[in-house]
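With the hints as extra help, turn the sequences into a complete structure.
For the sequence shown, the numbering used here gives the first residue as 2, with consecutive numbering after it.
If you're looking for bench data, these hints aren't it; they were derived computationally from the structure. The model shown is predicted, which means the values in this text are computed figures rather than measured ones. Take the hints with a grain of salt, since some may be wrong.
[Claimed, not checked] In silico DSSO-like links for lysine-lysine, alpha-carbon gap of 30 Å or less: (1) K34 x K79; (2) K265 x K64; (3) K142 x K79.
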Amino acid sequence: MDIGIDLGTASTIVYVKSKGIVLQEPSVVAMDKSTGKMLAVGEEARRMIGRTPGNIVAIRPMKEGVIADYSTTETMLKYFLSKVAPRRIFRPRMMICVPAVITTVEKRAVIEAANAAGARQTFLIEEPIASAIGAGLDISKPFGSMVVDIGGGTTDIAVLSLGGIVCGESLRVAGDKFDEAIVRFVKKEFNLMIGERSAEEVKIHVADAFPESDEAKANSMEVRGRSLISGLPKNVTITAAQTCEAMQEPVEQIINTIYSVLEKTPPELSSDISEKGIVMTGGGSLLKGMDKLISKRTGIPVIIAE
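Take a look at the structure:
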């Protein structure tokens with residue numbers, strides 16, 4: 002059995018050859034601190050974030066695209082593999098996505114965790130290359146393609162040609178930083194503490210990186226949290242315009258890195274990119290208005306991969 006895994010900070014996607022995507026779950030593990038026993042993995046564990054008693058902790062073993070907790074990552078991989086192939090007669094070959102710019106030690110940690118989880122052989126593929134192939138780009142030819150892959154923990158920006166990365170950068174700013182920015186904004190603006198899940202809901206349903214009309218700016222939702230003044234539960238309304246202000250710093254960091262990669266791109270490949278456009282992939286690419294903002298700032302068309 003051949004398996005492809007996108008071991009992301011926010012979620013893990015498992016692809017099985019000839020079957021397609023068979024699993025997509027949050028990269029979260031709930032553990033009992035006192036016994037070290039695993040209680041839940043994936044979506045069930047994610048629902049526990051911020052709602053667990055003192056002895057139970059919800060852990061995200063991946064941080065900024067790399068392994069932060071080796072043993073928990075191994076446990077999580079074993080669980081996901083058991084769901085994909087319940088009868089482990091054959092040890093599968095695995096190909097795992099990694100950020101374009103990580104250290105040798107970080108790469109080795111991924112390989113060792115996969116082997117310990119039951120892989121017969123483990124191969125690594127850089128996320129921009131995997132994203133480009135998944136988006137249907139033919140990167141084997143001598144034409145330039147630019148991919149902006151915004152994940153949960155990292156953003157990979159790369160120019161590809163002849164099957165490899167010509168130039169690129171990996172930035173540890175992505176979807177999680179958008180969530181953190183929303184939490185900070187709500188705390189500062191409303192004296193209200195909201196949780197990670199509430200911030201993510203705001204990001205998905207209301208957040209807009211480039212609200213063009215007054216109607217878009219006024220788009221809003223109610224969010225619930227704990228008042229820092231009274232200590233009691235409180236509801237506030239947050240608008241798209243406010244989320245745009247909240248996320249300005251991480252959004253600017255991504256755009257500045259796109260500029261940086263474009264500046265290093267050979268002129269011939271720059272011409273190809275201007276003609277074909279920039280392809281956006283990853284969960285973070287679904288942030289409303291992000292494609293329009295990048296297109297406006299760079300003057301290059303932006304396509305969100307399906």
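Hint check results:
1. K34 x K79: holds (20 Å)
2. K265 x K64: Holds - the C-alpha atoms of K64 and K265 are around 28 Å apart, at most 30 Å.
3. K142 x K79: Distance ~38 Å between K142 and K79 Cα, so the pair is violated.
In summary, the one numbered hint that this structure violates is 3.
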